[in-house]
Amino acid sequence: MGRKERDAHAGVKKGKPVSVSATIASMDAPPTKAAKATKSKLSKAPASSSYSYLGDVDLPPSDDDEEEAANRSPIPSRNRSSLAAAAAPSARDARKKERRQHEAAAAAHAEAARREALRNEGCKSCDPFSVVTGARGTPTAAAADSVRDIVLDGFSVSVAGAKLFDGATLRVAHGRRYGFVGPNGKGKSSLLRLLACRSCRKLPVPWSIDTFLVEQECDGDGRPPIEAVLAADMELAALRAERDRLEAASSGDDARLAEVYEELKLRGADAARARASKILAGLGFDQARQAKATEKSSGGWRMRVSLARALFMEPTLLLLDEPTNHLDLRAVMWLEEYLCTQWKKTLIVVSHDRDFLNTVCTDIINLHDRKLDFYRGNFDDFESGFEQKRTSAIREHKEFEKQEKAAKRSGNKAAHEKVIKQAMSKAEKTKGKGKNASNDHDDQKSVTVPQRWHDYCVRFHFPEPTELARPLLQLVEAGFSYPDFKMSGVDVDIDMGTRVAIVGPNGAGKSTLLKLLAGVLAPTEGQVRKSQKLRIGKYAQHFVDALENMKENAVEYLLRKHPDQEGMSKAEAVRAQLGKFGLPKECHLTPINDLSGGQKARVVFTDIVMEHPHVLLLDEPTNHLDMQSIDALADALDEFTGGVVLISHDSRLISRVCEDETRSQIWVVEDGIVNTFDGTFEDYKDELMEEIRKEVAD
1 MGRKERDAHA
11 GVKKGKPVSV
21 SATIASMDAP
31 PTKAAKATKS
41 KLSKAPASSS
51 YSYLGDVDLP
61 PSDDDEEEAA
71 NRSPIPSRNR
81 SSLAAAAAPS
91 ARDARKKERR
101 QHEAAAAAHA
111 EAARREALRN
121 EGCKSCDPFS
131 VVTGARGTPT
141 AAAADSVRDI
151 VLDGFSVSVA
161 GAKLFDGATL
171 RVAHGRRYGF
181 VGPNGKGKSS
191 LLRLLACRSC
201 RKLPVPWSID
211 TFLVEQECDG
221 DGRPPIEAVL
231 AADMELAALR
241 AERDRLEAAS
251 SGDDARLAEV
261 YEELKLRGAD
271 AARARASKIL
281 AGLGFDQARQ
291 AKATEKSSGG
301 WRMRVSLARA
311 LFMEPTLLLL
321 DEPTNHLDLR
331 AVMWLEEYLC
341 TQWKKTLIVV
351 SHDRDFLNTV
361 CTDIINLHDR
371 KLDFYRGNFD
381 DFESGFEQKR
391 TSAIREHKEF
401 EKQEKAAKRS
411 GNKAAHEKVI
421 KQAMSKAEKT
431 KGKGKNASND
441 HDDQKSVTVP
451 QRWHDYCVRF
461 HFPEPTELAR
471 PLLQLVEAGF
481 SYPDFKMSGV
491 DVDIDMGTRV
501 AIVGPNGAGK
511 STLLKLLAGV
521 LAPTEGQVRK
531 SQKLRIGKYA
541 QHFVDALENM
551 KENAVEYLLR
561 KHPDQEGMSK
571 AEAVRAQLGK
581 FGLPKECHLT
591 PINDLSGGQK
601 ARVVFTDIVM
611 EHPHVLLLDE
621 PTNHLDMQSI
631 DALADALDEF
641 TGGVVLISHD
651 SRLISRVCED
661 ETRSQIWVVE
671 DGIVNTFDGT
681 FEDYKDELME
691 EIRKEVAD
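Here the sequence shown stands for residues 1 to 698, numbered as in the UniProt record's numbering.
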């Protein structure tokens with residue numbers, strides 16, 4: 001038996017005659033499907049799954065059950081001290097030990113069968129992907145059970161005939177935090193799914209590395225978030241269920257109950273609830289929300305539960321796909337601090353949040369031209385190294401192109417071949433040089449002649465608004481009431497050139513305030529005053545969601561909405577606007593419901609531009625944008641001469657929008673009250689961070 005099998009079933013040897021699968025089956029609320037990895041060694045091969053393969057294993061009968069029942073003395077009080085008393089050695093103990101050894105061997109056999117079944121089993125999420133791996137990779141056999149690094153050389157991934165990766169190499173060192181960047185729609189999320197999949201294992205991540213991918217919200221059910229997080233540790237949940245069952249039994253196995261108590265103590269069960277609650281609190285759950293059923297929570301809050309489960313489980317490899325999208329600014333800053341100070345294992349995170357990547361990451365993986373390039377340092381370090389690489393690549397390609405053209409003009413085939421050979425030799429020599437080149441892990445065979453560099457460029461532009469008399473937009477003692485929420489006493493105004501960032505926890509009323517300004521909600525108290533000719537451009541997540549079932553293509557949709565726009569009566573003009581916002585031309589005539597979230601967002605921004613707004617009201621505009629698009633949005637907002645009101649968890653975008661202190665304001669919304677912060681956005685962040693550091697360190 002390999003060391004992994006011995007480690008994975010050490011709990012059986014210590015005296016657990018009840019199978020974990022039987023215990024889990026008795027639980028009232030089984031853990032959700034996402035909770036496949038746990039923080040203990042059993043996460044490598046969940047015991048609950050392995051016992052389903054015991055049907056053809058011949059276990060010896062338990063010959064001590066009757067004797068144990070006959071000699072068992074009732075215990076009046078089941079407190080832990082009395083139950084933990086050690087029994088004298090006996091023949092019965094020897095028989096128990098022998099049986100548990102047989103159980104451990106059977107479990108190892110079952111684990112081997114489970115792995116073989118998983119290798120042969122399909123995986124719906126990975127079925128569309130065709131994967132070819134190189135000759136070298138991380139070993140997955142039992143001999144490599146201690147492996148914590150990942151080495152995947154020369155792998156290629158295709159979907160629907162399109163190549164996402166071509167001869168790419170991935171090398172991940174245990175304990176480092178990797179930011180994974182690159183344009184949207186090029187395969188970042190697909191790679192995370194393939195790395196996380198424990199069934200098909202199309203990419204050979206070793207079994208010793210338990211993975212957890214946070215990309216979807218947890219299933220809603222009757223459990224509160226705190227219970228959903230605790231249930232993520234399947235072994236601990238099974239022990240708790242067994243304890244409850246034994247305690248409820250009229251005449252139970254007191255010896256086994258003592259063992260369960262001891263195992264719960266060893267696994268830190270008493271501290272688990274406090275740790276889970278602390279993680280949830282950091283992600284924005286107050287005590288009332290921690291006790292609220294997940295089925296009554298929005299998708300954004302259930303996504304936070306999924307993130308909390310992953311942090312609580314502490315998998316060897318944590319994979320996060322845009323984790324900040326459903327967080328408010330404070331929760332993002334808490335997550336940054338937690339990952340930097342508390343996370344000791346490996347992390348790969350896809351994110352468009354530049355400040356998040358700068359704070360959290362020790363390394364950057366960049367997806368470019370279907371290859372993975374590695375850079376030491378945070379995102380700023382990557383940008384510096386990337387620009388050097390880009391400049392060098394452009395220069396080398398121009399030099400090669402010039403030499404190749406000269407050789408072709410000469411008509412000398414040998415001279416042409418010499419140019420190609422020299423270029424490849426030079427590329428091979430420079431591969432191991434330079435600041436970041438040691439992190440480029442492509443195989444020698446992948447060395448080619450210098451290729452043309454393909455830049456990804458996006459440019460947003462908002463048209464110059466016409467001048468209007470002040471004030472453009474005012475709320476005077478305004479308020480709005482929901483059945484369980486009230487906003488009141490709001491006095492704010494917006495003029496040409498105003499820059500406002502609205503901050504505060506989720507659920508405090510930020511979106512309600514924006515809807516009052518937009519006229520989507522009529523105030524239940526106070527009033528809204530606005531210029532008669534005022535045009536407002538509004539962006540919110542539900543505008544993107546509203547396009548979900550749209551069968552029109554983007555050009556048809558925009559022409560229908562803006563039939564009288566000057567210069568916008570022709571499809572070519574509309575397509576020009578879509579192109580400015582980075583929507584590929586092949587997507588212009590694609591039904592909108594077939595577009596990605598980022599592509600739909602570009603359609604919404606184009607719609608806003610065609611309104612020629614005086615004021616922009618933007619609610620989390622970065623959720624579907626890649627980093628280049630966010631930078632383009634920041635540049636466009638900087639050039640825009642109208643008013644801007646922004647809700648965002650992206651601190652860099654807020655810093656860009658509110659860079660000019662003379663025209664910028666920070667509105668803090670808490671419990672339906674709106675106050676203007678006395679200071680800059682950086683001052684506000686400093687105050688938050690001081691609070692957060694105390695919480696995380698506590």
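By construction, these hints were calculated from the structure, which means they are not laboratory data. All values derive from a computational prediction rather than experimental measurement. Among the hints, erroneous ones may be present.
Claimed, not checked - Label pairs and their calculated CB-CB ranges:
1. T133 <-> F485: 20 to 26 Å
2. E525 <-> H461: 18 to 24 Å
3. G268 <-> S392: 33 to 39 Å
4. E682 <-> D635: 17 to 23 Å
5. A160 <-> H461: 32 to 38 Å
As the list claims (entries may be wrong) - When the alpha-carbon atoms are kept at most 25 Å apart in a straight line, the in silico BS3-like pairs for lysine-lysine are as follows:
6. K278 <-> K585
7. K561 <-> K515
8. K371 <-> K163
9. K533 <-> K515
10. K486 <-> K296
11. K533 <-> K278
12. K344 <-> K694
13. K561 <-> K533
14. K530 <-> K551
15. K278 <-> K265
16. K486 <-> K515
17. K389 <-> K371
18. K561 <-> K585
19. K202 <-> K371
20. K551 <-> K533
21. K486 <-> K292
22. K389 <-> K186
23. K389 <-> K345
24. K515 <-> K530
25. K402 <-> K389
26. K570 <-> K551
27. K278 <-> K202
28. K585 <-> K570
29. K530 <-> K561
30. K570 <-> K345
31. K163 <-> K533
Glycine residues also receive a C-beta, built at the ideal position from the N, C-alpha and C atoms.
These are the hints, each one checked on the structure:
Checked against the given bound of 20 to 26 Å, the beta carbons of T133 and F485, roughly 53 Å apart, lie outside it. The supplied range of 18 to 24 Å is broken by E525 and H461, whose beta-carbon atoms lie about 39 Å from each other. Between G268 and S392 the beta carbons are some 52 Å apart, a value that contradicts the proposed interval 33 to 39 Å. The hinted range of 17 to 23 Å is satisfied by E682 and D635, whose Cβ atoms lie roughly 20 Å apart.
A beta carbon spacing of about 33 Å between A160 and H461 agrees with the range 32 to 38 Å that was offered as a hint. Note on K278 and K585: the hinted pairing is violated, with a Cα-Cα distance of about 48 Å set against a maximum of 25 Å. A distance of roughly 21 Å separates the Cα atoms of K561 and K515; the hinted pair therefore holds under the 25 Å criterion. Restraint check for K371 and K163: the C-alpha separation of about 11 Å stays at or below 25 Å, so the hint holds.
Using a Cα cut-off of 25 Å, the hinted pair K533 and K515 holds, with the two alpha carbons roughly 19 Å apart. Between the alpha carbons of K486 and K296 the distance comes to roughly 20 Å, so the proposed pair stays at or under 25 Å and holds. As the CA atoms of K533 and K278 are separated by approximately 50 Å, the hinted pair breaks the 25 Å bound. Between the alpha carbons of K344 and K694 the distance comes to roughly 19 Å, so the proposed pair stays at or under 25 Å and holds.
A distance of roughly 19 Å separates the Cα atoms of K561 and K533; the hinted pair therefore holds under the 25 Å criterion. For a cut-off of 25 Å, the pair hint linking K530 to K551 is broken: about 36 Å separates their Cα positions. Distance check on the hinted pair: K278 and K265 sit about 20 Å apart at the alpha-carbon level, within 25 Å; holds. Proximity of K486 to K515 is assessed by CA-CA distance (about 14 Å); at most 25 Å being required, the pair is judged to hold.
Pair hint K389 plus K371 holds up; C-alpha atoms about 14 Å apart against a cutoff of 25 Å. Taken as a hint, the K561 and K585 pair is honoured in the structure, with Cα atoms around 20 Å apart against an allowance of 25 Å. A distance of roughly 18 Å separates the Cα atoms of K202 and K371; the hinted pair therefore holds under the 25 Å criterion. As the CA atoms of K551 and K533 are separated by approximately 33 Å, the hinted pair breaks the 25 Å bound.
For the suggested pair K486 and K292, the alpha carbons sit about 20 Å apart, so the restraint of at most 25 Å is met. A C-alpha spacing of about 20 Å is found between K389 and K186, which places the hinted pair at or below 25 Å, so the restraint holds. Restraint check: the Cα-Cα separation between K389 and K345 comes to about 30 Å, which exceeds 25 Å; the hinted pair is violated. Simply put, K515 and K530 have alpha-carbon atoms about 14 Å apart, close enough for the 25 Å limit, and the pair holds.
Between the alpha carbons of K402 and K389 the distance comes to roughly 20 Å, so the proposed pair stays at or under 25 Å and holds. As the CA atoms of K570 and K551 are separated by approximately 20 Å, the hinted pair is consistent with the 25 Å bound. Taking the CA atoms of K278 and K202, the gap is near 36 Å; set against the 25 Å cutoff, the hint is violated. Restraint check for K585 and K570: satisfied, since their Cα atoms lie roughly 16 Å apart, inside the 25 Å limit.
Taking the CA atoms of K530 and K561, the gap is about 24 Å. The hint holds against a cut of 25 Å. Taking the CA atoms of K570 and K345, the gap is about 55 Å. The hint is violated against a cut of 25 Å. Restraint check for K163 and K533: not satisfied, since their Cα atoms lie roughly 51 Å apart, outside the 25 Å limit.
In terms of the numbered hints stated before, the structure departs from hints 1, 2, 3, 6, 11, 14, 20, 23, 27, 30 and 31, listed from lowest to highest.
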